[in-house]
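A.B. asks: Sequence:
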Amino acid sequence: KGAANTGNEWFLVSDNANAIRSLAADVYGEAANVRQDPFHVVQRFTEKVKGKAEKKLLSKKLHDAMYNVDGELRPPEEMAARFANALQEVSITDISCTEHEWRGSVDSNLKQIKRGDLYVKSNVFSEGGGKDVRIVSTSQLEGIHSALKKILARSVSAEVGLRILDLYILQHNLKRCYVVASWLSHRNLSLSAG
782 KGAANTGNEW
792 FLVSDNANAI
802 RSLAADVYGE
812 AANVRQDPFH
822 VVQRFTEKVK
832 GKAEKKLLSK
842 KLHDAMYNVD
852 GELRPPEEMA
862 ARFANALQEV
872 SITDISCTEH
882 EWRGSVDSNL
892 KQIKRGDLYV
902 KSNVFSEGGG
912 KDVRIVSTSQ
922 LEGIHSALKK
932 ILARSVSAEV
942 GLRILDLYIL
952 QHNLKRCYVV
962 ASWLSHRNLS
972 LSAG
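The opening position of the sequence shown corresponds to residue 782 in our numbering, with each subsequent residue numbered one higher.
So the derived label-pair ranges between C-beta atoms look like this: (1) A834 x G885: 20 to 28 Å; (2) D845 x L948: 34 to 42 Å; (3) A834 x D947: 38 to 46 Å.
Restricting the straight-line Cα-Cα distance to at most 27 Å, the calculated cross-link-like pairs of lysine-lysine (DSS-like) are: (4) K831 x K892; (5) K895 x K829; (6) K831 x K842; (7) K842 x K892; (8) K895 x K841; (9) K895 x K836; (10) K892 x K902; (11) K836 x K892; (12) K892 x K829; (13) K831 x K841; (14) K842 x K902; (15) K841 x K902; (16) K837 x K892; (17) K841 x K829; (18) K837 x K895; (19) K842 x K895; (20) K829 x K842; (21) K902 x K912; (22) K892 x K841.
Note that these hints are calculated values from the structure, not bench results.
The model shown is predicted, which means the values in this text are computed figures rather than measured ones.
All residues carry an ideal CB built from backbone N, CA and C; glycine is no exception.
Working from the sequences, and respecting the hints, build out all of it.
C.D. replies: In structure tokens, the structure reads:
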């Protein structure tokens, strides 16, 4: 759902990293490292909590477990320990799923965190000429997907869909950020098979 280039490393950030890992490998080869969007990890747990106040408290605790005071992601081992502590404080009576499902979700997400699926050294996206943007969620990019669905009247392969998405993002950025290139922002960008 989102991508960031931090020098020599290129990351593909998704709301479900496990599900798209093989797809990303097929499309990008070894060029992209797949990472899990931290926001959606928090959301997975808060959706399983009954009360509004409990959801809000858990969301804050999980956010604090993932990010330091400077808004940077914590290293995997530290993040996993803090994450586990925050989830241990949730009472079984406060969850809306079975205890087995809750434990499975906790174990699965802790495994992802320890593996480094949520960690990047820098979660700031810099694009030449534009302002730096701290990426905290793929939700910032999800509006593009609804627009892409409107553009396409038929199903396409994942590779073609990703190419179209790349062009759409490029066109959006040109319109939004580069007044100097305004002559280009209104041009029709098209796909070429290559």
